[in-house]
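Once you've looked at the hints, dock chain B against the given chain A.
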Amino acid sequence: MDSLTHSRSIWKKAAPYLLIAPTIVWYGFFWARPVIQAFYGGFFDLNGHFTLDNYKFVFNDPYFLQAIFNTFFIAIVSVAVEFVLAFGLSLLINIRFKGAGVFLFIATIPMALPFVAIAAMWKAGLATYGWLNSFLYHVGLIAKNGKIVFMSGNKWPSIFVIIIIDAWGVIPSMMIILVAGMQNLNEELKEAGYIFGGTRLTVLRKITIPLLKSTITTALILRIISAIQIWAIITLMFGYLRLPTLVSQLVFYSDQRAPADPVYYQRALAYSVIVAIIISSIVILYLKVSGSFRKEENG
Amino acid sequence: MADLKLENLSKRFSRKVWGVKKMDLSVKDKEFLVLLGPSGCGKTTTLRLIAGLEEATTGNILIDGVDITDTPPRKRDISMVFQSYAVWPHMTVYDNIAFALRFKHLSKAEIDSIVTETADMVKIDNLVKRYPDQLSGGQRQRVALARALAVKPKIFLMDEPLSNLDAKLRVVMRTELRAIHQQTKATTVFVTHDQSEAMSMADRIVIMKDGVIVQIGSPDDVYFKSTNVFVAGFIGMPPTNFFTVEIIHEGTDIVLKHPFFELKLDNERKSMLYDYSKRSLTFGIRPEDITITSEKNNLLKERALVVEPQGSLQIIALKIDDKIVKLVSAREHTVFPGDMLFLTFKQNKLHFFDIDTGERIGDL
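So the sequences go chain by chain: A and B. Under our numbering, residue 299 is the last one in the first sequence; the count climbs by one each step, no gaps. Under our numbering, residue 1364 is the last one in the second sequence; the count climbs by one each step, no gaps.
Listed below are the simulated BS3-like cross-link pairs for lysine-lysine, each with C-alpha atoms no more than 25 Å apart in a straight line:
no., chain 1, residue 1, chain 2, residue 2
1, B, Lys-1129, A, Lys-213
2, A, Lys-206, B, Lys-1152
3, B, Lys-1129, A, Lys-206
4, B, Lys-1209, B, Lys-1016
5, A, Lys-206, A, Lys-288
6, B, Lys-1301, B, Lys-1326
7, B, Lys-1168, B, Lys-1123
8, A, Lys-206, B, Lys-1104
9, B, Lys-1264, B, Lys-1319
10, B, Lys-1123, B, Lys-1108
11, B, Lys-1075, A, Lys-206
12, B, Lys-1209, B, Lys-1005
13, B, Lys-1301, B, Lys-1264
14, B, Lys-1123, B, Lys-1152
15, B, Lys-1323, B, Lys-1346
16, B, Lys-1346, B, Lys-1296
17, B, Lys-1323, B, Lys-1278
18, B, Lys-1270, B, Lys-1346
19, B, Lys-1108, A, Lys-206
20, B, Lys-1016, A, Lys-98
21, B, Lys-1075, B, Lys-1154
22, B, Lys-1075, B, Lys-1185
23, B, Lys-1021, A, Lys-98
24, B, Lys-1154, B, Lys-1030
Because the hints were derived from the structure by calculation, they are not lab data.
For reference, chain A alone in the conformation it holds in the complex:
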């Protein structure tokens, strides 16, 4: 090998790294730096001395356990409800009945609305004299003086109100991912299932769902991550502290308390580190359980 081809092969090997270098720099600056700062900051007090006080505060926060419970309860139930409904709707749309396009369009409207609008809409609906009660009254489901107090502020009704609103807003985006996955499937794979002895249910179970696995994994991961981060809709509906979640506490301390008492900023950093660890471990756990790592080893 002469020196010319040698140097060419070095360039060839280096090329991919050179090409991704700008991205790495960008990430390092805008992503890694704040993350490292947060990790770092959580371990220091305002005078720059190392301390575990911020974490102690978090774990002794009377809202902490409640926040963990609420976060996970809402995440699990809402993701489950959303997945089942979105999957059902996707199957329906995938039949390509007449008007399926219009239905898909209408169904995706919630995606276009910002949280604030969604909250305002539901608040108007769920108020004691809101449109939901008046609807229920008009269809004769409740008596005139039998109005349901949806927004009582009690824990369980609040949680379910939040789950319903969240599902309402999120189902469309999940549905779109699933519909896209379904439309990518070769129709003949399913037809072969029917020919070779399958009923609708067995074809769904043994062919459609296994083939949609990577789509389902994607949809669920995206949803789980954002479900764990739920806070805006809760705060908009109920304000802070009535239904605390991990992220709503984080925001509460950094936004409401830190301006008056900067130490809350350090505490919020500790919160964010904990949330980051929880989310990452859940995602890794999920990928592991769903077998996504195995697939790459095989490939």
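Relative to the frame of chain A, chain B by itself:
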């Protein structure tokens, strides 16, 4: 095994679009029937109707005399090889073949022996543990075939199964499919747009166009007794050459008059055209029925435009009256572009067609 009957079968996709229109067809027990036609002719729709993947708009489908028009696919006792193979990528070859068997209340050992037997038959016995993405296209096709054979169906349906294979493998698979058919004797309906595939494999060919059957017959029937201009032009490679001619009476003779030649008919031909005197008609002649002759006997002369050597044969294209005419001749004398050729037609190989309807005139 079984016979299959289609009675007045129609599939209407929308108000104006018919996939299949009032089709009557009966497929005999053990027959290898090929549905042939250009794309959009309704051949695949017909197959999917038989499979139960499309719902018939009118008519009935009967297997062994039992009406299965409204029976779901899984209860029809049919199996199918798809154009895309439709081998399930998340299952091993073994599981692909065993899929249908597992619905049949068979023991593990029984399933195992059927899978082994069919995998053996299509020569993939060494691949059963693999996943489809570890197989070549040809091997996947064999998996699809094994899966369809394993259920020992009454009717075996194949939707252009060879169209995704390379040319050489396609020819190999034709022979193998025929051999498998001779072994299993399963009544088979095979869809293709490739006329040479149809000619080489079929017991009978059903030629379709625009959702209706144009001709049913043996490969020889459709080749030598094409029922109309469409069939004559569709079957055969290169296709039949067509000329529009006028029929002229000269004394007791009948002459076909074309701007470039005048062809005096023999007695047999004359009687066939009795009803057509003094009118125009289309006649067709197959490329191998145009012969190169001496200058003395020629009917017409023209220079060769393009010559495609084909080993022992050559396909010669020339232009007559601004239309490309192709003929096939033996390579005794290799022809070169620009050579002057003296040509004549074999009288007994002329095909006459009505100029308006395109229907065949006379029965030969």
